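Chemist: The listed protein sequences correspond, in order, to chains L and F. Mapping of the first sequence onto UniProt numbering: position 89 corresponds to residue 89, and the numbering continues sequentially without gaps. Mapping of the second sequence onto UniProt numbering: position 52 corresponds to residue 52, and the numbering continues sequentially without gaps.
What the hints contain is simulated information worked out from the structure, not anything from laboratory work. In this text the structure is predicted, and so the values were computed from the model without any measurement. Even glycine gets a Cβ: it sits at the ideal position worked out from N, Cα and C. Please note that a few of the clues may not be correct.
To give an idea of the chain L side of the interface with chain F (calculated C-beta under 8 angstroms), a few residues [to be verified]: (1) 11; (2) 20; (3) 131; (4) 132; (5) 133.
Chain L is faced by these chain F residues, among others (derived, beta-carbon under 8 angstroms) [as the list claims (entries may be wrong)]: (6) 37; (7) 89; (8) 380; (9) 477.
Listed next, with one range per pair, are the computed distances between beta-carbon atoms [to be verified]: (10) 132/F <-> 91/L: 56 to 62 angstroms; (11) 88/L <-> 379/F: 38 to 44 angstroms; (12) 143/F <-> 156/L: 34 to 40 angstroms.
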Amino acid sequence: MSELTLTVMRLGFLAVLWLFVIVAVQVIRSDLFGTRVTQRGSRRDSGRQQTAARQAAPPQQRAQQNSGGGGGRQRRGAPTKLVVSEGTLTGTTVALQGQTITLGRAHDSTIVLDDDYASSRHARIYPDRDGQWIVEDLGSTNGTYLDRSRLTTPQPIPLGAPIRIGKTVIELRK
Amino acid sequence: MSSTTNPSTNHTSTIGSIGAPSRRNTELALLVFAVVIPVFAYANVGLALNNEVPAGLLSYGLGLGLLAGVGHLVVRKFAPYADPLLLPLATLLNGLGLVVIWRLDQSKLLKSIHQAGSAAPRQLLYTALAIGLFVVVLIFLKDHRVLQRYTYISMVGALVLLLLPLVPGLGANITYGAKIWISVAGFSIQPGEFAKIVLAVFFAGYLMVKRDALALASRRFMGIYLPRGRDLGPIIVVWMISILILVFETDLGTSLLFFGMFVIMLYVATERTSWIVFGLLMSAAGAVGVASFEPHVKTRVQAWLDPMREYTLSRSGVHDGVVHSEQAMQALWAFGSGGTLGTGLGRGHSELIRFAANSDFILATFGEELGLAGIMAILLIYGLIVERGIRTALAARDPFGKLLAVGLSGAFGLQVFVVAGGVMGLIPLTGMTMPFLASGGSSVIANWALIAILIRISDTARRPAPAPAPSPDAEMTQVVRP
């Protein structure tokens with residue numbers, strides 16, 4: 001066997017050996033554990049929202065939702081978002097676009113409260129026919145407070161008024 | 001996990017741990033690569049030695065491929081989430097070892113020394129047995145936590161295994177070298193290799209229970225935590241046993257492996273640097289103390305400090321009661337003549353090392369024929385196996401599995417260090433063998449079992465987490481009492 005062939009084989013073998021090491025390291029690199037940040041796709045959530053609406057909203061409410069909300073046109077001076085200002089979810093915001101927002105510990109709520117003093121289906125916030133946002137207590141154990149007074153009937157929410165549910169406080173903002 | 005959802009808020013996101021994919025296909029691809037490299041090496045050796053592709057190329061390649069394939073299928077079936085690297089890395093090392101053992105078999109000089117005949121077919125048989133044990137471990141060890149039940153039984157088992165070579169009539173009667181072999185029915189077995197695994201089980205089970213006492217009860221002095229006197233008990237007992245091994249079996253390797261593994265696991269279990277300091281001091285004191293009066297250990301230390309003197313003594317045939325060996329110097333020459341890129345497979349002269357050229361000193365052949373570049377790649381492959389073991393320990397969810405994985409990979413790494421360091425002249429030579437590369441049944445069988453246990457732990461660790469806690473819907477709402 002010629003010297004040249006053997007030299008080529010010798011160097012080739014070393015190259016292949018190192019190639020294996022490099023490939024193995026690449027596998028490790030693509031194999032690192034860690035956390036993955038997933039953007040919540042709108043498809044899954046809209047499905048989830050429909051389920052929530054079906055379970056939570058009575059039929060007439062759904063009709064209102066369809067006629068009043070969803071149009072996208074907002075009244076001047078109307079709130080555009082709901083902000084959690086106290087509690088474990090502090091800082092969470094939800095945009096208001098005419099949909100019913102349910103609050104509670106149940107997993108299908110729009111805002112899932114991790115709060116021992118909240119009921120599974122605690123309250124909901126929805127727009128009435130004129131686009132005014134209304135808060136309604138859903139028969140919760142500890143009650144829903146709008147500006148220090150316990151709710152007995154659905155009430156319109158003024159901008160910036162605190163709504164207290166257990167240890168959580170939310171308010172509507174522009 | 002609570003979070004807000006809303007169809008229109010696009011910036012809400014969830015953060016969750018990645019459910020590790022099973023990665024079996026990656027493993028298969030790497031495994032094919034790991035079988036092709038030794039086949040290439042085999043052809044290369046044949047061309048260099050006899051100017052022809054060796055006749056057994058196809059059967060050798062098929063044999064190795066079949067063994068690797070069986071291993072892969074069993075992992076796919078019984079440990080689907082296991083680490084994708086452990087099996088290919090071990091297969092590659094085993095295959096390369098077989099090639100170099102076969103290459104040394106071809107040497108006429110070695111043939112005249114070994115009466116037993118060629119070592120390569122025997123090694124292939126041992127590899128098949130080892131893969132058999134690998135399969136058995138994976139099938140029957142469904143959950144590594146079962147081993148926890150046998151903590152104290154494994155302590156007894158490990159002590160028996162370590163002491164077996166000292167039993168009269170059972171210990172192999174070898175005048176040279178360390179007394180770490182036993183001969184049973186014509187086979188010589190190195191029980192220390194198996195003791196390594198059994199000891200890791202014992203240490204993991206023991207330290208899992210005792211680690212709080214060992215970690216918390218300590219005083220801080222000069223930046224390190226000093227353990228209480230009575231907590232020093234276990235480390236002193238282990239140290240004494242390792243010193244006894246050094247004295248009676250005259251083997252630095254087993255002693256160092258045994259004690260080092262305990263110190264590593266103690267450090268991992270307690271997070272106290274002081275244990276490492278104590279461990280290093282104690283092992284240094286023990287080794288120096290024993291080397292000063294044990295003749296065999298003393299010879300080894302002298303051969304380490306001045307290999308050239310040992311070489312000339314052996315050459316001139318001096319008989320002063322101890323066996324002088326020229327191997328240490330010859331191994332260094334082999335590395336030196338290899339240079340950076342090596343002489344090429346089959347073109348070195350490492351058969352001049354004569355005795356144990358294909359077992360203890362196989363690394364010298366690699367060093368001569370593949371050079372520094374090849375040795376570094378091989379050491380990196382060992383390093384990757386250890387890294388995957390430690391990674392498995394990090395990912396494991398139970399403390400026993402963590403400690404066991406650290407212990408096994410630590411022992412594996414220590415063994416590589418002890419053998420490679422010995423052959424390269426960094427530390428005195430020992431009677432241990434390079435895992436997977438060296439000729440010898442016990443080593444290859446024990447190390448495949450070790451890899452099987454690591455694969456089992458990594459399968460449990462990487463399996464997607466069990467379902468989260470039951471939903472809070474089921475819990476009662478607390479009532480506010482005014």
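Chemist: Hint by hint, note whether the structure agrees.
Modeler: Checked hints:
{"no.": "1", "hint": "11", "in the structure": "holds (7 angstroms)"}
{"no.": "2", "hint": "20", "in the structure": "holds (6 angstroms)"}
{"no.": "3", "hint": "131", "in the structure": "violated (16 angstroms)"}
{"no.": "4", "hint": "132", "in the structure": "violated (20 angstroms)"}
{"no.": "5", "hint": "133", "in the structure": "violated (15 angstroms)"}
{"no.": "6", "hint": "37", "in the structure": "holds (6 angstroms)"}
{"no.": "7", "hint": "89", "in the structure": "holds (7 angstroms)"}
{"no.": "8", "hint": "380", "in the structure": "holds (5 angstroms)"}
{"no.": "9", "hint": "477", "in the structure": "holds (5 angstroms)"}
{"no.": "10", "hint": "132/F <-> 91/L: 56 to 62 angstroms", "in the structure": "holds (59 angstroms)"}
{"no.": "11", "hint": "88/L <-> 379/F: 38 to 44 angstroms", "in the structure": "violated (51 angstroms)"}
{"no.": "12", "hint": "143/F <-> 156/L: 34 to 40 angstroms", "in the structure": "violated (60 angstroms)"}
Going down the numbered hints, you'll see the structure goes against 3, 4, 5, 11 and 12, while the others check out.
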